[in-house]
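> Chain W is already provided as a structure; the job is to place chain A on it using the hints.
In order, the protein sequences belong to chains W and A.
Using the numbering used here, read the first sequence as starting at 1 and increasing by one per residue.
Using the numbering used here, read the second sequence as starting at 321 and increasing by one per residue.
Any given hint could turn out to be false.
Taking lysine to aspartate or glutamate pairs in the EDC-like style, the calculated list, with each CA pair at most 20 angstroms apart, reads [unchecked claim]: (1) Lys249/W - Glu558/A; (2) Lys134/W - Glu450/A; (3) Lys264/W - Asp545/A; (4) Lys454/A - Glu130/W; (5) Lys454/A - Glu536/A; (6) Lys560/A - Glu217/W; (7) Lys240/W - Glu536/A.
Some residues of chain W that are not near chain A, with every Cβ distance over 10 angstroms (derived) [to be verified]: (8) Leu18; (9) Tyr192; (10) Ser194; (11) Phe215; (12) Lys240.
Note that these hints are calculated values from the structure, not bench results.
Since this is a predicted model, take the numbers as computed values, not measurements.
For glycine and all other residues, C-beta sits at the position ideal for the given N, C-alpha and C.
Number of protein chains: 2
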Amino acid sequence: MKAIQINEGKMFWEEASLPPCEGSEVLIKIKATAVNRADLAQKAGLYPPPPGASQILGLECSGIIEKVGSKVKNRKIGEEVTALLSGGGYAEYVCCPENHVLPIPKSLTLLESAAIPEVFATCWFNLFMEGNLKIGEKVLFHAGASGIGTAGIQLCKEFGCYSYVTAGTEEKVNFCVKLGSEKGIVRSENRYESFKNYCPDGLNIILDPVGGNYFEENLNNLAIDGRLIIIGILGGTEGKLNIGHLLMKRQKIIGSTIRSRSIKVKGQVMEQLFDKIWPLFNARKIKPIIYKTMNINEAEKAHQIMSENNNIGKIVLEIS
Amino acid sequence: MKAIQINEGKMFWEEASLPPCEGSEVLIKIKATAVNRADLAQKAGLYPPPPGASQILGLECSGIIEKVGSKVKNRKIGEEVTALLSGGGYAEYVCCPENHVLPIPKSLTLLESAAIPEVFATCWFNLFMEGNLKIGEKVLFHAGASGIGTAGIQLCKEFGCYSYVTAGTEEKVNFCVKLGSEKGIVRSENRYESFKNYCPDGLNIILDPVGGNYFEENLNNLAIDGRLIIIGILGGTEGKLNIGHLLMKRQKIIGSTIRSRSIKVKGQVMEQLFDKIWPLFNARKIKPIIYKTMNINEAEKAHQIMSENNNIGKIVLEIS
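Chain W on its own, in the form it takes in the complex (with noise of 0.2 angstroms):
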């Protein structure tokens, strides 16, 4: 098979082994991956693949089962699936636990399916399984015009609660206001202006992709019995905080990946996510928002409109 090989930080679309599919595995046939903020820091060399996990690029797929391994019992040959991924999604082939692994909504195509995994799986683990999110609360999304903000405005909305955002420019907020947010502010350079106008009471969960940066901020931010949710560390790794108000407004500061995650945990991710998020891609209530679809080939121009702030959603690739 072919797959996309990084040679001095560039990506290749080369020859490659086909991964083995053996027990509960199933091989796909990958018709599209899309692209993470994960896959540009793993090209960076900042973020290696867990253990066991493919050095190949991409963290989820949709296709065509092609095998599936001697205990596989819920996936079958020729199904169409979409697929969350510890790795190997920049490929033709991948192979991956059946219980990551689910059959596309029937509202949308093969190619479209290849944007929901990452950033719904992402948005239903940490608000819902880590942060338990309930009816009411109000979610800030910083970068909400990303796959992740645009999967979690929608969830939001969807599930009676608030989102607001933060994203770099006037048309990325007003994109997020137009499909659900409450409120998006422009953020400037490193920092946020306060929510505490929009939400005196403050947010009850922050889902944030920045770290140091905003760390001071996001916990100014946070409501009591907030849950501050760090995904990421674009803003780097720094953090100082006042211990007395985390204790005195009973917060919490959670960090959190998916990728790492053990195969059962996010099997049960994927679970809930056919149980409660699929019949809303089905009922045409929710979609992966795409920017954008490009060949695996243009991979490279793909990851520098990501690394640009330039896109509104989901950058899908198409392999085969």
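Same frame as chain W, but now just chain A:
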């Protein structure tokens, strides 16, 4: 009735007005209360009672129900009970919601039962409800010989978990190990030796009343998926962290107090205590560790014992 009143930082046993008892509340004629660190902080003006709470010191008591509000369903006049209070325990009478009150365990006297609510509720809530403690996990208690430490060590033992402690003296460490702790370390001023030698994979939960001084060392000792639960700031409020480590290790920092939580949440904690822990009291598998029982007139002396860290376990103050 009489109650402890504070005048220029000193406690006096003086006349006070009987608290009203309405709706779902019960009035308890107090047999005994017990001393908590929070009492010392409140007396010093550093920990004001939450809105609506009694201004009188005292977060727990045992006693006999003297009166019930019109909506009380599960408690009866004449019943011997123990209660979690938001304040008011250093008095002859206190009023509180009926769902914060439990009948005393069969194995304990009314006097001894005053030492249960605050530390067992704190441990149960933080370890099991907030911290999701699982069988086989490892917990570190700072101030292992405190009321909370001695309650936590016993709970870990009964629920198939391993406990570790820091304490101020060799005698305290030995007490903790005898009570069921795996290993204890005598702390030095403002720091403690790493537990890496004893728990190379790190600690799953650290229940920490210290805060600032221990913050970085706590995070260093925390396992992947570990939870640092901060319940006090005896060692200051300044914290610094590496957010990247928190993220990659998927750790949680949780600020937690019970006192200011809703009546409902505290009721849930007491309900779980009755279901999960009361049978262990009744079977004499666990007990509150009581250092000394003193008369309420000696409250000042009792506070001094605690402020000098001379107690192992709880100090009970007998009132009637």
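> Now, for every hint given, state plainly whether the structure supports it.
Tested hints:
no. : hint                : result
1   : Lys249/W - Glu558/A : holds (16 angstroms)
2   : Lys134/W - Glu450/A : holds (16 angstroms)
3   : Lys264/W - Asp545/A : holds (15 angstroms)
4   : Lys454/A - Glu130/W : holds (16 angstroms)
5   : Lys454/A - Glu536/A : violated (24 angstroms)
6   : Lys560/A - Glu217/W : holds (15 angstroms)
7   : Lys240/W - Glu536/A : holds (11 angstroms)
8   : Leu18               : holds (30 angstroms)
9   : Tyr192              : holds (17 angstroms)
10  : Ser194              : holds (20 angstroms)
11  : Phe215              : violated (7 angstroms)
12  : Lys240              : violated (5 angstroms)
Checked against the numbered hints listed earlier, the structure breaks hints 5, 11 and 12; every other hint is satisfied.
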